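Number of protein chains: 2
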Amino acid sequence: MTYSKIVESIPTVVPFIAPEELEERLGSPFLLRLGANESPFGSSSFGVKGAKAALDSLQNYADPRALELRGVLGKKLSVPIESTVLAGGIDELLSLFCRLFLSPGDHVVTTLGSYPTFDFAAMGTGATIIKVPYKDLRPDLDSLAEAAQNAKVVYLANPDNPSGWYHEAEALKKFIEGIPSSCVLLLDEAYIEFLTTQVPLAFDCESPNVIRLRTFSKIFGLAGLRLGYAVAHPDHIEALDKIRLHFGVSSVAQAAGILAVQHFGHTILVRERNAKARELLSQMGVRRGLAPLPSWTNFVTFDCGSKEVAESQLEQLLQARVFIRKPSQPPLDRCIRITVGTPEELELLDQLWDTE
Amino acid sequence: MTYSKIVESIPTVVPFIAPEELEERLGSPFLLRLGANESPFGSSSFGVKGAKAALDSLQNYADPRALELRGVLGKKLSVPIESTVLAGGIDELLSLFCRLFLSPGDHVVTTLGSYPTFDFAAMGTGATIIKVPYKDLRPDLDSLAEAAQNAKVVYLANPDNPSGWYHEAEALKKFIEGIPSSCVLLLDEAYIEFLTTQVPLAFDCESPNVIRLRTFSKIFGLAGLRLGYAVAHPDHIEALDKIRLHFGVSSVAQAAGILAVQHFGHTILVRERNAKARELLSQMGVRRGLAPLPSWTNFVTFDCGSKEVAESQLEQLLQARVFIRKPSQPPLDRCIRITVGTPEELELLDQLWDTE
Chain S
1 MTYSKIVESI
11 PTVVPFIAPE
21 ELEERLGSPF
31 LLRLGANESP
41 FGSSSFGVKG
51 AKAALDSLQN
61 YADPRALELR
71 GVLGKKLSVP
81 IESTVLAGGI
91 DELLSLFCRL
101 FLSPGDHVVT
111 TLGSYPTFDF
121 AAMGTGATII
131 KVPYKDLRPD
141 LDSLAEAAQN
151 AKVVYLANPD
161 NPSGWYHEAE
171 ALKKFIEGIP
181 SSCVLLLDEA
191 YIEFLTTQVP
201 LAFDCESPNV
211 IRLRTFSKIF
221 GLAGLRLGYA
231 VAHPDHIEAL
241 DKIRLHFGVS
251 SVAQAAGILA
261 VQHFGHTILV
271 RERNAKAREL
281 LSQMGVRRGL
291 APLPSWTNFV
301 TFDCGSKEVA
311 ESQLEQLLQA
321 RVFIRKPSQP
331 PLDRCIRITV
341 GTPEELELLD
351 QLWDTE
Chain D
1 MTYSKIVESI
11 PTVVPFIAPE
21 ELEERLGSPF
31 LLRLGANESP
41 FGSSSFGVKG
51 AKAALDSLQN
61 YADPRALELR
71 GVLGKKLSVP
81 IESTVLAGGI
91 DELLSLFCRL
101 FLSPGDHVVT
111 TLGSYPTFDF
121 AAMGTGATII
131 KVPYKDLRPD
141 LDSLAEAAQN
151 AKVVYLANPD
161 NPSGWYHEAE
171 ALKKFIEGIP
181 SSCVLLLDEA
191 YIEFLTTQVP
201 LAFDCESPNV
211 IRLRTFSKIF
221 GLAGLRLGYA
231 VAHPDHIEAL
241 DKIRLHFGVS
251 SVAQAAGILA
261 VQHFGHTILV
271 RERNAKAREL
281 LSQMGVRRGL
291 APLPSWTNFV
301 TFDCGSKEVA
311 ESQLEQLLQA
321 RVFIRKPSQP
331 PLDRCIRITV
341 GTPEELELLD
351 QLWDTE
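Read top to bottom, the protein sequences are chains S and D. At position 58 of the first sequence the residue is numbered 58 (the numbering used here), and the sequence of numbers has no breaks. At position 318 of the second sequence the residue is numbered 318 (the numbering used here), and the sequence of numbers has no breaks.
Same shape as in the complex, but just chain S (with noise of 0.2 angstroms):
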């Protein structure tokens, strides 16, 4: 028994280690979950309040063009329902648009160290991955867009993660100017909405060019439910329906993300209590002789100076059963990433951090 020859050539890397297999390896459960860039400010209660509705009638499969929940996405966001599509979260949106793309042996290119999930996407369909490394510890357009000349994909967190950095739109612009036109950037904007006073770049159906992935997972504080969606050219979204799940996404999300994006509230609070945690959060780093990196995002990653100091710090804070993580590869090997908490976290994190 053989398994097919994409499988057979790639090794088994799971992206992340889960915080529960953590739990189980330190012999108790975590205090503080900090790891997983989750929403402490809990969910959008008007999301939750759809999905409550839609457990009355679970005996039945949801419509599988989603299109009231598209609906309600295209009039937000200004663009046409047709360049919209949902699936499980931009995990699930990576992986079929790496399959929407790319063959055996095509090149796609990432930031060394950024989300791992992309490279286990692009790994899944036998590509090549080309990393280029981190510069000043912030993504390195000028060398990605170089590196994409001859790759089919380029994949870029914007804002970043794990490094927080964001890159503003006009920045982007000329980044996108210099993707050859047989490339399609996926521009990952998990955590756009932590965004203040930046206005981000423009959504442009007409080119084939750019693929925005956004979630319900980061500031609608939906992730349990899976739930994310792209915006794109419309002929993008029409080749997805040959490899998509037609009937993947619930109906309790679809209901939740109807009413969490109709109901905008959330967001904006949580913005302000996010902002005002990261500053709180940086400032207990800097305390610790750390420097944080400036962040964007719903994390802050602290710069500790050497790999062995990051070490030292990530092993501290699990033993004290506080779940960060350490991001695995140069530069960035030498930072510890802690996603904010509310007030009262912050404080356990103050008490529990440096306590040996």
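No false leads were slipped in.
In silico SDA-like cross-links for lysine to any residue, where the CA-CA straight-line distance does not exceed 20 angstroms:
no. : chain 1 : residue 1 : chain 2 : residue 2
1   : D       : 307       : D       : 133
2   : S       : 75        : S       : 199
3   : S       : 52        : D       : 52
4   : S       : 52        : D       : 46
5   : S       : 5         : D       : 5
6   : S       : 49        : D       : 56
7   : D       : 49        : S       : 60
From chain D, some residues computed to sit far from chain S (all C-beta separations above 12 angstroms):
no. : residue
8   : 77
9   : 149
10  : 150
11  : 189
12  : 203
13  : 263
14  : 287
According to the in silico footprint, chain S covers these stretches of chain D (three or more CB under 8 angstroms from chain S):
no. : segment
15  : 16-28
16  : 85-98
17  : 176-185
18  : 213-224
19  : 248-258
Hints are computed from structural coordinates only; laboratory data are not their basis. Please read all numbers here as calculations on a predicted model, not as lab measurements. All C-beta atoms, glycine included, are put in the ideal place defined by N, C-alpha and C.
Let chain S serve as the given structure and place chain D on it in line with the hints.
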């Protein structure tokens, strides 16, 4: 901008036209939804209870290994947890296992006119599909085994959809023995829990040649949640980690699944009600001169004698705002397929059927 070689090579075919789309075409909503084999008897109340409890922590990602639900399933089915994996329904499992085993040009075998989502999943890998016709309006195991000699994957739904037929364990064993060791059987058991007296084939997780696929969409009435599982040789489950969506199964679905499996009363109750409803529904067809095929599922397929009569029956019921399906491939294209309903629904069907 070109798509992947596989995507460029396959047609745009959607496995099913959604009932919502049919409603748009008809210009009014259905009065009866008896076309998607959804449970008329509602959802497992414990499942719903589990789902509701999960709404309290939607901001968190679920355990990507889903250890708790897999543990509960393993215990219930007496199979090792290492032989289980979850995904968003059998649809996603079909896609994943096709990608696990199939490279472009590989051969797969299925029954002409059986579950189209398998064909869709296989096409998505670039495989060549060999379609073996139904014989005596049921899957033809001998011819399937013969066609499987040069195939990597063979698909069988047992009980079958849309014929409703069930092959007993002994016949299945013989069939499996006839499949070459280089070929794997994807055994779709979406309807297996509706069996009343038969004993399903025993699980054999030592065998790499049989993968069992099951769902929470049918007897558990949790279609809207998207949850299914596979039982297979642990090597296959491990290999699937290379390509599966690790954070794909929602926390809501996992929580619902745990309670639904632990509280099995719903299944027993629905099984009984389903058998009665199937009998009632069959008689309603008989009174209209249609011959019900034997069914071990939650639907009845009626032989209308000719494709023309079947089409006219379909059209008449759609016009009466009753959602049903008609198989599109011969010989079953002379049949219509109607999902069972509650006694009230069947009474309404009786009124709406032949009202012109």
